[in-house]
Amino acid sequence: MEDIENTILEYVIDEYLEDEDDEIGPNSPLISSGIVDSFSMVSLKTFLERKYNISIPDDKATPEAFDTVNRIADVVRSFIS
Amino acid sequence: MAYSEKARNFYQGELRDIKEGGLFKEERFIQSPQSAEIKVEYPSGAQPMDVINMCANNYLGLSSHPEVIKASHQGLDDRGFGMSSVRFICGTQDIHRTLEDKLTKFLETEDTILFASCMDANAGVFEAVFNDQDVLIADRLVHASIVDGMRLCKALNESYKHSNMEHLEKKLQTYQDARFRCIVTDGVFSMDGDTAKLDEICDLAEKYDALVFVDDSHATGFLGKRGKGTHELKGVLGRIDIITTTLGKALGGASGGCVSGRKEIVEMCRQRARPYLFSNAMPPVVVAASNKVMDLIMGSTERRDKLENNTKFWRKSLLEAGFDIKDGDTPIVPIMLYNAKLSQDMSRDLYQEGIYAIGFFFPVVPKGQARIRTQISAGHDINHLERALEAFIKVGKKYNILGKTKDEIIEMYGL
Numbered sequence: 000m001e002d003i004e005n006t007i008l009e010y011v012i013d014e015y016l017e018d019e020d021d022e023i024g025p026n027s028p029l030i031s032s033g034i035v036d037s038f039s040m041v042s043l044k045t046f047l048e049r050k051y052n053i054s055i056p057d058d059k060a061t062p063e064a065f066d067t068v069n070r071i072a073d074v075v076r077s078f079i080s
Numbered sequence: 000m001a002y003s004e005k006a007r008n009f010y011q012g013e014l015r016d017i018k019e020g021g022l023f024k025e026e027r028f029i030q031s032p033q034s035a036e037i038k039v040e041y042p043s044g045a046q047p048m049d050v051i052n053m054c055a056n057n058y059l060g061l062s063s064h065p066e067v068i069k070a071s072h073q074g075l076d077d078r079g080f081g082m083s084s085v086r087f088i089c090g091t092q093d094i095h096r097t098l099e100d101k102l103t104k105f106l107e108t109e110d111t112i113l114f115a116s117c118m119d120a121n122a123g124v125f126e127a128v129f130n131d132q133d134v135l136i137a138d139r140l141v142h143a144s145i146v147d148g149m150r151l152c153k154a155l156n157e158s159y160k161h162s163n164m165e166h167l168e169k170k171l172q173t174y175q176d177a178r179f180r181c182i183v184t185d186g187v188f189s190m191d192g193d194t195a196k197l198d199e200i201c202d203l204a205e206k207y208d209a210l211v212f213v214d215d216s217h218a219t220g221f222l223g224k225r226g227k228g229t230h231e232l233k234g235v236l237g238r239i240d241i242i243t244t245t246l247g248k249a250l251g252g253a254s255g256g257c258v259s260g261r262k263e264i265v266e267m268c269r270q271r272a273r274p275y276l277f278s279n280a281m282p283p284v285v286v287a288a289s290n291k292v293m294d295l296i297m298g299s300t301e302r303r304d305k306l307e308n309n310t311k312f313w314r315k316s317l318l319e320a321g322f323d324i325k326d327g328d329t330p331i332v333p334i335m336l337y338n339a340k341l342s343q344d345m346s347r348d349l350y351q352e353g354i355y356a357i358g359f360f361f362p363v364v365p366k367g368q369a370r371i372r373t374q375i376s377a378g379h380d381i382n383h384l385e386r387a388l389e390a391f392i393k394v395g396k397k398y399n400i401l402g403k404t405k406d407e408i409i410e411m412y413g414l
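Taken in sequence, the protein lines are chains A and B. Residue 0 is where the first sequence starts when you use numbering that gives the first Met the number 0, and the numbers rise one by one after that. Residue 0 is where the second sequence starts when you use numbering that gives the first Met the number 0, and the numbers rise one by one after that.
Read the hints as simulated data drawn from the structure, not as lab findings. Since the model is a prediction, treat every value here as computed from it, not as a measurement. Ideal Cβ placement from N, Cα and C applies to all residues, glycine included. Don't take every hint at face value.
[Claimed, not checked] Label pairs and their in silico Cβ distance ranges:
no., chain 1, residue 1, chain 2, residue 2, range
1, A, Ser54, B, Glu165, 28 to 38 Å
2, A, Glu48, B, Glu19, 34 to 44 Å
3, A, Ile12, B, Pro32, 47 to 57 Å
4, B, Asp16, A, Asn5, 29 to 39 Å
Construct the complete structure from the given sequences, taking the supplied hints into account.
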């Protein structure tokens, strides 16, 4: 797994998981599973924008595009490059 | 016709999806005043049944109190039926200002402004007070109306894990560069019945220069020794900058809400809060009755004391019977079942036993957290609660959940 995926995964675990026993991976559904709701998703978007010095428009930060760590990393990469 | 077949088919499909998802909400027709005992027609067309109401927000039992009804009759005679105006044109009567002053005195704040509902208060206050230089940091379990209000505001919407003060502190540290930070929380969380750690929140707010917003809709009138709310219970009277609350629950339960707090913030709402500027003034009949409610609760703590005793009795009885309930000391007592279907089945069986209590499941509560939420009232007498307990035990035995742990219930019924 690459750095961006690792960074996002670490953030998601720290920011959203309530139970330390919960395990998630780069392809675990986050939003459709209820781990992250659309309200608290804003934290994630803000974190990515600050961390990578990018601006993600709302129409790119959809629940579908943010449903797994791998998909989120793709979104981030598209703005870094 | 503009309402095309395409449109009709689309909405029929949406409604079908809601039904198939088990999320279709049906209303039950109540053929009596709101009270501890009500007459309910359910399903529609069925013979009405007398049931004990365990799901109203009628915490103080004032919804149909004789003195409140009398005051509303008087208000109707003295000040008429409707205002036909927003507040700032010709919709403000002397009794509106009296009610705002009584709320200010009761909540121990600087000023108060009435809204048509607390939903409107929450929808309007953030946009009126904050802008894109600010950050709102909300508990993740705040009420939906707060989420909507935050979304209408240009401030950055942030959140912290439910009642997790370490996480909140981290967020406050992150946003020290913002113009204003505002911590946003419910006083009592409506689905779990737990209270916000307002003492710790106020300390963090001082340390990191943040305002504090509390929606106290499920506390005003009964939490704290004099019933002022969560800020009294937690010893932080005078330290909350913005309180929103409702007249639609403990305080008579008709309608209306307010923003109460720092006088400049209240004045900003008068000038800029869109639901205030563009909604009709509260009807005189409701205002007159609400003034009476304020007199009753400021004159005596008898009803909140009875509610406290009822709550203790109910929580203790459920625990002794072997139910898995959420910890807390509020009259919102959730009985945890975890499985959505089990919550619906038990609710249905309880109704047949003459108990009206509703099952909640995702998306109203998180997945795997289905429960029956019971709400206690000062309108309940102990014999109501004893009858309800008997029914809960009977139904609990049928589903074999008494004395079972969370894991055992999940093992039997799944998530």
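Right, here's what the structure says about each hint:
As the Cβ distance of Ser54/A to Glu165/B is approximately 29 Å, the hint placing it in 28 to 38 Å holds. Between Glu48/A and Glu19/B the beta carbons are some 38 Å apart, a value that agrees with the proposed interval 34 to 44 Å. Take Ile12/A and Pro32/B: their Cβ atoms lie about 51 Å apart, and the range 47 to 57 Å holds. For Asp16/B paired with Asn5/A, a C-beta distance near 37 Å keeps the hint of 29 to 39 Å intact.
The structure agrees with every numbered hint stated previously.
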